[in-house]
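A.B. asks: Okay, here's what each chain looks like letter by letter:
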Amino acid sequence: MTDKVTPLRPRHRTPPAPLPLEVATAVEERRAEEALIVDVDGYEGPLDLLLTLARTQKVDLMQVSILQLAEQYLGFVEEARQLRIELAADYLVMAAWLAFLKSRLLLPPDPEEDGPSAEDLAAHLAFQLERLDAMRKAAARLMGRDRLGQSRFLRGMPEQIARRRSVTFEVGLIDLMRAYARLKTRDEFRPYAFDRKNVFTMEQALERVRGLIGFAGEWTALSEFLPDGWGSGERGRSATAATFAATLELAREGKLEIRQDATFAPITLRRKPGAE
Amino acid sequence: MSEEPDFPPPPLAEQERMVEAMLFASAQPVSLRDLADRMPQGADPAEAVASLRRRYAGRGVELARVGDSFAFRTAADLSFLMQTETVETRRLSRAATETLAIIAYHQPVTRAEIEEIRGVATSRGTLDQLIEQGWVRIGRRRMTPGRPVTFVVTEGFLDHFGLESARDLPGLSELRAAGLLDSRPPGEMSVPLVREGDEDDNGDDTRPGDLFGEEDD
Amino acid sequence: MSEEPDFPPPPLAEQERMVEAMLFASAQPVSLRDLADRMPQGADPAEAVASLRRRYAGRGVELARVGDSFAFRTAADLSFLMQTETVETRRLSRAATETLAIIAYHQPVTRAEIEEIRGVATSRGTLDQLIEQGWVRIGRRRMTPGRPVTFVVTEGFLDHFGLESARDLPGLSELRAAGLLDSRPPGEMSVPLVREGDEDDNGDDTRPGDLFGEEDD
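Residue numbers (my numbering), protein chains in the order written: chain A, 1 to 276; chain B, 1 to 217; chain C, 1 to 217.
If we strip away everything but chain A, and leave its shape as in the complex, we get (with noise of 0.2 angstroms):
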């Protein structure tokens, strides 16, 4: 870090307060998880951290040195590494990018290497921080003006204007999504409904094929073996899975062989040659 720039020091953020306990558990699950990322407290992301480093070098934001900027920016990481202070990923992908610029910056341009030169990359940076400058003092400028209710009134007594229609529908653009957000994810938090009508179980497949297999000394299809009504739609797949996974089982306990000639070619099984 150059002596001239006064360090810009990393804190430590307060940590949150504690939950109410009838929290949802989720809901502190996802806290908990956030409280882990610590932010740097006081800053909006890594570009208001460079405006503000930036700013230490008094000198005009055109004239910034990006190279002492990256420097500045990569000790203020190093000493919050040192604090112990963990960063958010944000900042931590900024300090790869300027350590990547800064010794692109220092060594010689490679002639093969495509896309924007360093320096490029250089006056963009600088360019967004000026943007970013320029958009603050904007903002600033915006809520120093004079505000409707603050320093400029409306009429205190307005007078009901009559419309053609004696009823008016207070909705508004957010409502309205809102309204069609919650439709189309309502089935996002719907718990899962278990559907037993239409569910083969794998011990009543296995029940099945055990009872059917003593039959089979050739090869048959696993498709024989469905219950009667259980061949097509959501049955079928159903009755088709557990049936399998019922061979399987049966497979690994000796009982029977599975043979299939090419992918996707129809499932075919036996009893097991020397089994009972």
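Rather than coming from a laboratory, the hints here were simulated on the basis of the structure.
For every residue, glycine included, the Cβ atom is placed at its ideal position computed from N, Cα and C.
It is possible that some hints are incorrect.
[Stated by the list, open to error] DEER-style ranges, computed between Cβ atoms: (1) A:55 x C:76: 30 to 38 angstroms; (2) C:28 x B:115: 33 to 41 angstroms; (3) A:199 x B:167: 38 to 46 angstroms; (4) A:248 x B:116: 36 to 44 angstroms; (5) A:199 x B:116: 35 to 43 angstroms; (6) B:37 x A:63: 52 to 60 angstroms.
[Unchecked claim] Selected chain B positions facing chain A (in silico; Cβ < 8 angstroms): (7) 26; (8) 89; (9) 117; (10) 120.
We have chain A already, so just place chains B and C on it with the hints.
C.D. replies: Positioned in the frame of chain A, the structure of chains B and C alone reads:
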């Protein structure tokens, strides 16, 4: 013996501006005393009001005396421009909001499609209400068996919701990304969506009030 | 073939009175079209408004232009008289004010562009708050891959901040001259931006039309 004010009062023209602004912005008629309380020391609201009344005489708006107070009022001969018919504002029911959202996102859409998305039958009144409001109209018939009527949103809808076209409505992932879509819809936390043994249940949509679009809370 | 009006329009002075009454009566800005709709045939509200503006220039109440509409508002220099009318507005977060400024100066602007300028992902509730406040609305979709939604500022924004149009934003021409409003192609040049948990945010399935049926089969 009254103390002399430190500064001379503002000129009458300036006092008139002050009175004009205060009377305009106030939600009630304002008395001379209230005006004086808010004006700089030494001001003479009575004279300022009198001068302002003369200025507004014969204009579209007049400075009326209401008891001891003053207020701006529309000139009586222009009341025809106001047509003070009462305008009632009501919240759009949830059923209607949902139906409207579906039409906006899926137009042209048939009634059967709306019902499929909402998971409940749409009462006649809901669509009628949206049509009457001028937000929905009947589009082309769908060239499928039964040739069902489709519904589309109107210019009036775009106008009300500040949209340039219905195609500009943000999609689901955009809603989520913009934070407009809570990971869990508010107010539904405590409502069990599906109770055991009724897979067809559609949350609290099935309450009768919703079906008839009368749930105005 | 336009039909001749049965009566000549009222004289300009009378039209001015009408416009004055209507604008005084409404708390919200009124458009020239709405004024014309309520005035007798053949009236020219634009001219009446222009004449009225001159009449009110420098008064305690002024006729402000807000986009395509007009509204009477008290003069800003008299705000010291208005303590009783001051509306306590919810304090906007720094993120929200910055986002608002970016939308105003760069409009129409996509969320990705806002994030590129701020260097951080837009948190939940920021855009939502600005839309609810009535300062930001959804504009046309950008005709680029993914057809992202854009955001623009509203008439309510202009009214609140006392701007006649978005072209009158303070410092706009200086910022433009300095090249700070150019949209430079983001991407490989930009500093990296980490987004929280929306990797699945792929533009294609966000089109409203695509949502239909997508989850049903």
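A.B. asks: Evaluate each hint against the coordinates.
C.D. replies: How the hints compare with the structure:
no., hint, in the structure
1, A:55 x C:76: 30 to 38 angstroms, "holds, 32 angstroms"
2, C:28 x B:115: 33 to 41 angstroms, "holds, 37 angstroms"
3, A:199 x B:167: 38 to 46 angstroms, "holds, 43 angstroms"
4, A:248 x B:116: 36 to 44 angstroms, "holds, 39 angstroms"
5, A:199 x B:116: 35 to 43 angstroms, "violated, 25 angstroms"
6, B:37 x A:63: 52 to 60 angstroms, "holds, 55 angstroms"
7, 26, "holds, 4 angstroms"
8, 89, "holds, 5 angstroms"
9, 117, "holds, 6 angstroms"
10, 120, "violated, 11 angstroms"
In this structure, the earlier hints numbered 5, 10 are contradicted, and the remaining ones agree with it.
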